[in-house]
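Trainee: So you can see what is in the structure, the chains are spelled out below.
Protein chains: 2
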Amino acid sequence: MYDLIIIGLGPGGYEAALTALRKGLKIAIVEKDKLGGNCLNRACIPTKYFWTGAHNIEKLNILKNYGISFNGEANIDYSIAWENKEKAIGFLRKSLANLLKTKKVPVYKGNGRIIDKNKVKITNKDNAEEIIEGKNIIISTGSIPSSVGNIVPDGEYIITTEDYMDNLKSLPEKVLVIGGGVAGCELSYIMNKYGVKVYIVELMDRLLPSKNISPEISKYLLRKFKKLGITTFFNTTLEDYKIKNEKIEVKLSNGESLEVDKILLSVGRKPNSDVDEIGIEKDGKGFIKVNEYLQTNFENIYAVGDVINSPMLAHVAQYEAKIAMENILNNKKVSPDYSLIPFATFTAYEIATVGLNEEQAKEKGIDTISGYFPYTYNEKAVDESQTEGFIRLIFNKSDKTIIGGYIVGLGASELIHEISLMIKNRFTAKEVHEYIYFHPSLSEIFVYASYDIAVGKLF
Amino acid sequence: MYDLIIIGLGPGGYEAALTALRKGLKIAIVEKDKLGGNCLNRACIPTKYFWTGAHNIEKLNILKNYGISFNGEANIDYSIAWENKEKAIGFLRKSLANLLKTKKVPVYKGNGRIIDKNKVKITNKDNAEEIIEGKNIIISTGSIPSSVGNIVPDGEYIITTEDYMDNLKSLPEKVLVIGGGVAGCELSYIMNKYGVKVYIVELMDRLLPSKNISPEISKYLLRKFKKLGITTFFNTTLEDYKIKNEKIEVKLSNGESLEVDKILLSVGRKPNSDVDEIGIEKDGKGFIKVNEYLQTNFENIYAVGDVINSPMLAHVAQYEAKIAMENILNNKKVSPDYSLIPFATFTAYEIATVGLNEEQAKEKGIDTISGYFPYTYNEKAVDESQTEGFIRLIFNKSDKTIIGGYIVGLGASELIHEISLMIKNRFTAKEVHEYIYFHPSLSEIFVYASYDIAVGKLF
Numbered sequence: 001m002y003d004l005i006i007i008g009l010g011p012g013g014y015e016a017a018l019t020a021l022r023k024g025l026k027i028a029i030v031e032k033d034k035l036g037g038n039c040l041n042r043a044c045i046p047t048k049y050f051w052t053g054a055h056n057i058e059k060l061n062i063l064k065n066y067g068i069s070f071n072g073e074a075n076i077d078y079s080i081a082w083e084n085k086e087k088a089i090g091f092l093r094k095s096l097a098n099l100l101k102t103k104k105v106p107v108y109k110g111n112g113r114i115i116d117k118n119k120v121k122i123t124n125k126d127n128a129e130e131i132i133e134g135k136n137i138i139i140s141t142g143s144i145p146s147s148v149g150n151i152v153p154d155g156e157y158i159i160t161t162e163d164y165m166d167n168l169k170s171l172p173e174k175v176l177v178i179g180g181g182v183a184g185c186e187l188s189y190i191m192n193k194y195g196v197k198v199y200i201v202e203l204m205d206r207l208l209p210s211k212n213i214s215p216e217i218s219k220y221l222l223r224k225f226k227k228l229g230i231t232t233f234f235n236t237t238l239e240d241y242k243i244k245n246e247k248i249e250v251k252l253s254n255g256e257s258l259e260v261d262k263i264l265l266s267v268g269r270k271p272n273s274d275v276d277e278i279g280i281e282k283d284g285k286g287f288i289k290v291n292e293y294l295q296t297n298f299e300n301i302y303a304v305g306d307v308i309n310s311p312m313l314a315h316v317a318q319y320e321a322k323i324a325m326e327n328i329l330n331n332k333k334v335s336p337d338y339s340l341i342p343f344a345t346f347t348a349y350e351i352a353t354v355g356l357n358e359e360q361a362k363e364k365g366i367d368t369i370s371g372y373f374p375y376t377y378n379e380k381a382v383d384e385s386q387t388e389g390f391i392r393l394i395f396n397k398s399d400k401t402i403i404g405g406y407i408v409g410l411g412a413s414e415l416i417h418e419i420s421l422m423i424k425n426r427f428t429a430k431e432v433h434e435y436i437y438f439h440p441s442l443s444e445i446f447v448y449a450s451y452d453i454a455v456g457k458l459f
Numbered sequence: 001m002y003d004l005i006i007i008g009l010g011p012g013g014y015e016a017a018l019t020a021l022r023k024g025l026k027i028a029i030v031e032k033d034k035l036g037g038n039c040l041n042r043a044c045i046p047t048k049y050f051w052t053g054a055h056n057i058e059k060l061n062i063l064k065n066y067g068i069s070f071n072g073e074a075n076i077d078y079s080i081a082w083e084n085k086e087k088a089i090g091f092l093r094k095s096l097a098n099l100l101k102t103k104k105v106p107v108y109k110g111n112g113r114i115i116d117k118n119k120v121k122i123t124n125k126d127n128a129e130e131i132i133e134g135k136n137i138i139i140s141t142g143s144i145p146s147s148v149g150n151i152v153p154d155g156e157y158i159i160t161t162e163d164y165m166d167n168l169k170s171l172p173e174k175v176l177v178i179g180g181g182v183a184g185c186e187l188s189y190i191m192n193k194y195g196v197k198v199y200i201v202e203l204m205d206r207l208l209p210s211k212n213i214s215p216e217i218s219k220y221l222l223r224k225f226k227k228l229g230i231t232t233f234f235n236t237t238l239e240d241y242k243i244k245n246e247k248i249e250v251k252l253s254n255g256e257s258l259e260v261d262k263i264l265l266s267v268g269r270k271p272n273s274d275v276d277e278i279g280i281e282k283d284g285k286g287f288i289k290v291n292e293y294l295q296t297n298f299e300n301i302y303a304v305g306d307v308i309n310s311p312m313l314a315h316v317a318q319y320e321a322k323i324a325m326e327n328i329l330n331n332k333k334v335s336p337d338y339s340l341i342p343f344a345t346f347t348a349y350e351i352a353t354v355g356l357n358e359e360q361a362k363e364k365g366i367d368t369i370s371g372y373f374p375y376t377y378n379e380k381a382v383d384e385s386q387t388e389g390f391i392r393l394i395f396n397k398s399d400k401t402i403i404g405g406y407i408v409g410l411g412a413s414e415l416i417h418e419i420s421l422m423i424k425n426r427f428t429a430k431e432v433h434e435y436i437y438f439h440p441s442l443s444e445i446f447v448y449a450s451y452d453i454a455v456g457k458l459f
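Chains as they are written, first to last, in UniProt numbering: chain A, 1 to 459; chain B, 1 to 459.
Keep in mind that a hint or two might mislead.
Claimed, not checked - Pairs of lysine-lysine residues, derived as DSSO-like cross-links and limited to a Cα-Cα distance of at most 30 Å, are as follows:
#	chain 1	residue 1	chain 2	residue 2
1	B	Lys104	A	Lys430
2	B	Lys224	A	Lys59
3	A	Lys424	B	Lys364
4	B	Lys64	A	Lys227
5	B	Lys430	A	Lys94
6	A	Lys64	B	Lys224
7	A	Lys59	B	Lys197
8	A	Lys397	B	Lys333
9	B	Lys457	A	Lys103
10	A	Lys64	B	Lys94
11	B	Lys87	A	Lys226
12	B	Lys23	A	Lys87
13	A	Lys400	B	Lys397
14	A	Lys59	B	Lys364
15	A	Lys197	B	Lys59
16	B	Lys227	A	Lys64
17	A	Lys424	B	Lys226
18	B	Lys23	A	Lys397
19	A	Lys94	B	Lys59
20	B	Lys400	A	Lys23
21	A	Lys59	B	Lys94
22	A	Lys87	B	Lys59
23	B	Lys34	A	Lys457
24	B	Lys457	A	Lys94
25	A	Lys333	B	Lys397
26	A	Lys224	B	Lys94
27	B	Lys227	A	Lys333
28	B	Lys333	A	Lys457
29	A	Lys59	B	Lys227
30	B	Lys59	A	Lys169
31	B	Lys397	A	Lys332
32	A	Lys224	B	Lys59
33	B	Lys430	A	Lys424
34	A	Lys174	B	Lys64
35	A	Lys227	B	Lys59
36	A	Lys424	B	Lys457
37	B	Lys197	A	Lys103
Said to hold, decoys possible - To give an idea of the chain B side of the interface with chain A (calculated C-beta under 10 Å), a few residues:
#	residue
38	Arg22
39	Phe70
40	Ile80
Hints are computed from structural coordinates only; laboratory data are not their basis.
Fair warning: this is a prediction, and the values are worked out from it, not measured in the lab.
Even glycine gets a Cβ: it sits at the ideal position worked out from N, Cα and C.
Chain A on its own, in the form it takes in the complex:
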């Protein structure tokens, strides 16, 4: 009998395992695919690897500022980046495997199904079955790509983001991306910088159409996409497509016709929750239902990450895993607090948000006042020759405390934690403004974005 069985070793499962091992629990892991889950193998980590490449291609033109030049143009070879992406995630996967091996943690390779509140049946790829027992179970089985309407992925012409990461070793000439959300915008930028002509079709009227992304961000990103030559179609769907002579003829709802080599589907993800035969409750969308302590309707069975209805982000899964572990280990139960989840995406810009934006605050009936500052005059950004971008900080109008903020530009995905910590600290605009930041640093954008509110306007 194990103390804990973890089904699915993505970010949530991994975090739970690390904590359990440190607490001396006897654990077992069930994983049907590669260690590290979708995040490590097909999403967060490989996209940021490719993003580094894309961003470096974009930055080649600033090297000359520093007296660095080459004879002739750069040679760009995506297939080399792909191989090295494999090496990078292979290294991380191996570190994980080595750790589990050193700690003698059994990893059951196969599909895990909960057949009793303390039993998991594992079926491996040869259909051999094994049953293991545990006092507690954590379900961290993640999510799988959604599809829409008549568009059926075939892994060849119509591919999902997972197909992309698993198999696309070289890039075609033209790609139509269905969905201008996070994954769509990230892969569009990567493909664009590696030489692909990219078209995006988006059902809504903007890029990154999500509540936590202010329209101001979508507009700023769109301007850049246009400059990069990425073509976007909004309020549009794919009406029909036909595969002919290794090309896809596409008809859009706005009347446009295109010929592309591949269609990339990035229309969101759905929970991978078909994991039991004991009646674990799910909601209408298939998410496993959990209570405030992340317990399912069986109190010894917890669920964390994409498989429950909370933000589908790796760090949310990790956070929930810590909460679940605390509840498994202690009698006094704790609940997750989702108010300060940083969000970031790496596309033509690094974009990050935390807390409430003005639209979200308005919905909650909070009057806001906001401060803005462009990177143009930030000395560190000038030194790095990367002055595109801006910051907006959102304050409660009545007491001037900071309630949210977003950053578009260099370092956004790290700087966002400073905003998060300032919200946590209940900083007023004056405190944000007077806090001591290193000079010169990108963090000084906080000083200037809060100046008007903290001290008064200059003009």
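Chain A is fixed; fit chain B onto it per the hints.
Mentor: Here is chain B on its own, set in the frame of chain A:
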């Protein structure tokens, strides 16, 4: 009669001016040299410009990971970097000048001397004199390079860091740097990456010999310097030198002889405090004495920045300027709090510290426990192919609250503010560990550096 006269328009003076203008004060500025002070023209900003170049040269070898290659080797031309450095700081200087012009702020070009508690006499370069009157005065005249013993800068063979930034348009073959402190280590790295053979002579037994720099950091940096081919001599001084055939023959106290093209003096700075004829009090080292409200012995005359005895950092000057302005504007006086000043330096690594290190805590009688994590396993660092470096977080042993930390590696100068805000928040190791950071981000090093203390050891 002005409301405020600001003598010296470096970071302190500039910050005071910005706040004063927002508060509607009638101000005048006295500046004998370029707007922006030493920081903008000869220190913080140009060094980070050159650092970006040096770092980009170092990073050229990772481009291939992402399928980016060139025909042949890179051509490195320092003089182009120098010209563009001039353009970058010129742009920032001009922004500053335009702002002052738009706000119709008189800028008196010349040497300012306080001749009465409300009067400043300005002598311009033609020896013409002018006297202006102000209700309040802020002295923000900064500092000038120190020299040592028998080594007399001549601007040609023996140069200061200011000579370097003002005049060194191309680099010689061999340079001896006197002083392995911040400026010495920053310029040594820059010159090394731009092809210079660099020797460092340091009186103490390590690089960056300062209380806020843990020996662990000095050691880590030294290992890198050796790898880069920078030669260091510790516990050593320059005994003698002779200029002969456009070369300098140098004799060191350890018996070594060298032949170099230039000697760069970077042995610290001293206050530029000879600014009055009314008996403003100074200490034994020439720093202007101020009380807890940053007032001199004349209550309407304040002093901020390098000219007073507080850490010689641009952001400290800016912070002090805000405090001085608050005290000028309000009856209720406030005092600066120096406990959370971030420090950063850009040399072969980005290095940053805040709060107390273990050595400093011990001196204060605080028992500590610390957590460490190398960049090696940080997924974002792996994605960026920049995995050198580490973090150490220092906690109070008794209650496990965070009291300090330092980072060596990518993003250190920004991430350090997160530590600062966590100290401000009085976070325990558990709170540092459970805080939600974006995945993947460099900020996740905080999760892992606090794991042992928050949850328990893995091995």
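Trainee: Could you tell me which of the hints above the structure violates, numbers in ascending order?
Mentor: 12, 13, 14, 17, 27 and 37
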